[in-house]
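2 protein chains.
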Amino acid sequence: MTIPTSPRPVYFDCDTGIDDSVALAYLLASPEIEVVGIGTVSGNVSSAQAAENTLRLLALAGREDIPVAIGAHDPLAGSFDGGAPHVHGVNGIGNIDLPPAVAVPLAEDAARLLVRLAHEHAGRLSVITVGPVTNIALALRLDPDLPSRVADVTTMGGAALVPGNVSPVAEANIWNDPEAAAELLKADWPVTLVPLDVTLENVLEEEDRRALLDADAPLARAVGEMLDFYFDFYVDLYGRRSSALHDPLAAAIAVGGVRATVAPAVGVVVDTSNGPGRGQTICDLRGQRLGPVDQPGAHVRVVLGTDRPLAEHLVERMLAPALVEAG
Amino acid sequence: MTIPTSPRPVYFDCDTGIDDSVALAYLLASPEIEVVGIGTVSGNVSSAQAAENTLRLLALAGREDIPVAIGAHDPLAGSFDGGAPHVHGVNGIGNIDLPPAVAVPLAEDAARLLVRLAHEHAGRLSVITVGPVTNIALALRLDPDLPSRVADVTTMGGAALVPGNVSPVAEANIWNDPEAAAELLKADWPVTLVPLDVTLENVLEEEDRRALLDADAPLARAVGEMLDFYFDFYVDLYGRRSSALHDPLAAAIAVGGVRATVAPAVGVVVDTSNGPGRGQTICDLRGQRLGPVDQPGAHVRVVLGTDRPLAEHLVERMLAPALVEAG
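These protein sequence lines are chains H and U, in that order.
To get this note's numbering, take the position in the first sequence, counting from 1, and add 223.
To get this note's numbering, take the position in the second sequence, counting from 1, and add 223.
It is worth saying that the hints were derived from the structure and are not from the lab.
Note that the structure is a prediction, hence the values are computed from the model and not measured.
The C-beta atom is built at its ideal place from N, Cα and C for all residues, glycine as well.
Take the hints with a grain of salt, since some may be wrong.
Each pair of labels, with its calculated beta carbon distance range [claimed, not checked]: (1) H:Arg-512 to U:Val-485: 14 to 22 Å; (2) H:Arg-364 to U:Ala-521: 40 to 48 Å; (3) H:Gly-510 to U:Glu-257: 34 to 42 Å; (4) H:Arg-482 to U:Glu-430: 19 to 27 Å; (5) U:Tyr-461 to H:Gly-305: 47 to 55 Å; (6) U:Val-516 to H:Ala-300: 32 to 40 Å; (7) H:Gly-305 to U:Glu-539: 55 to 63 Å; (8) U:Pro-441 to H:Arg-463: 52 to 60 Å.
Take these sequences, add in the hints, and give me the full structure.
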């Protein structure tokens, strides 16, 4: 059991959010990576509220050293729709109260933070997005060479061969800013897309939540508390109190704690029309019947299968962050 | 073993086509229904070629009494794209030669034939479509009351939770005339949609084909011959010579020879935009995780599961049409 001497630098872009909070707690407990900056975006809540939530979570973890930048309030086209209070609570973290943080957001916005970090960690920076990707699109516009300085991008988003969760075909993160997602997917960097196909198959159960509530770590306990609200939302979907692990799965795949076993590199485009398919992440999965086949030139991997369920690994890591195994 | 005394009247709309030919042979061998008219449409081949093929197939079966009407050459928007000679052969029936028929197509077009048959068999007529549904849309325009006189519509088309076969999300029949499909699905009649999700799971194997080649019935033998061409096309998909049973599955579900066991009634719309989702049959399958749930007011059933594989039943029926079991 060794901890890597040089953890990979990660820029984390989030709309914090209950499952964003779980993902952040997981990342902070992961020795394989070091979160060097966090940008927020409107999605589950406004980008400003997401930054406030993020700072309070970092304070609980004693990690107020990590810079947090407020990102885009509105998507590239249109405006922020008010978020998902029925899923994440009015404050985005299940309506629990967390103590105010001492740290404040950076003066620079999230897109500029990402561009700066990509220069500081050129060739090594991993980008993980778990919300609408407006900030990433803005960063690409600020610095078209950004892809050459970023090692890889892992994005929670899309629904390849399962129904969407906002429209019959659109998943919320992509739906909330299809134009930005299209720009992210077009850029020339390796993208791992983590869609509902796999996130819905990774479920946190009530016993997992109770384990978090009993944790020594204040952040794990807070996450256990806020999941109470989230668990109610998922009763209709799973038939019991529990939750999908959307954002945490993207984080775990980026970290290497869970490995993608079926993840063909294929053509992926976002439907930015105003037709009934708007916001759909169209993955060209034709010709995959006999097994995963990479399409020549494709730089987006669509995760359709993983090596193990996330929940046990996630809880273990959040309960004993200091003793965690190396990836 | 009884043969129903009053078989249900069927209007069959096709773009004949190898699997259309299999479907037609199956329908002619099915005592539960009586084919009272056939309309053709451009798809696998032109509507005129489809009519020629259909007449020759009927002649082989001694059923030139069944009226055949040539339908739309072009889709509602745009024009016929030339068909799929790489799939069905240049003549649509695997480039085999069949003796010319004595019968000729009706003077009326397919849409008018459908409208007339719906009056003659008011309340009882079943419509089965296995090609683009241009004729059905034209019939709806000729007679907006058509749905009140048709018992039900079974349509081979769409790809609900599997990749398309023309674009990443579009299936060929719907792709070839999305505007017509939209009109069919909007009309107020019960529709059973038989998408690639199930048709690709029903496969005819080489031993089935050889059984057809050895049949007494000339039509079954002809179908066995033309399948030789079709089997080559499917090697890339299945990894062996074989074929999907797209059109025959729609026919068998309409007849009742195969029963849909998972077929929720849900909202279904066709993407008629010019975006990347054009031609997609968007089925709202959210909320089905705990089991099939009908959406209130939905009149389109999407078949996602069936009670038995089609191939054995199909071959048995085509080999011994006179001895066939009742549905």
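* To do: Tell me, in ascending order, the numbers of any earlier hints that this structure violates.
  => 4
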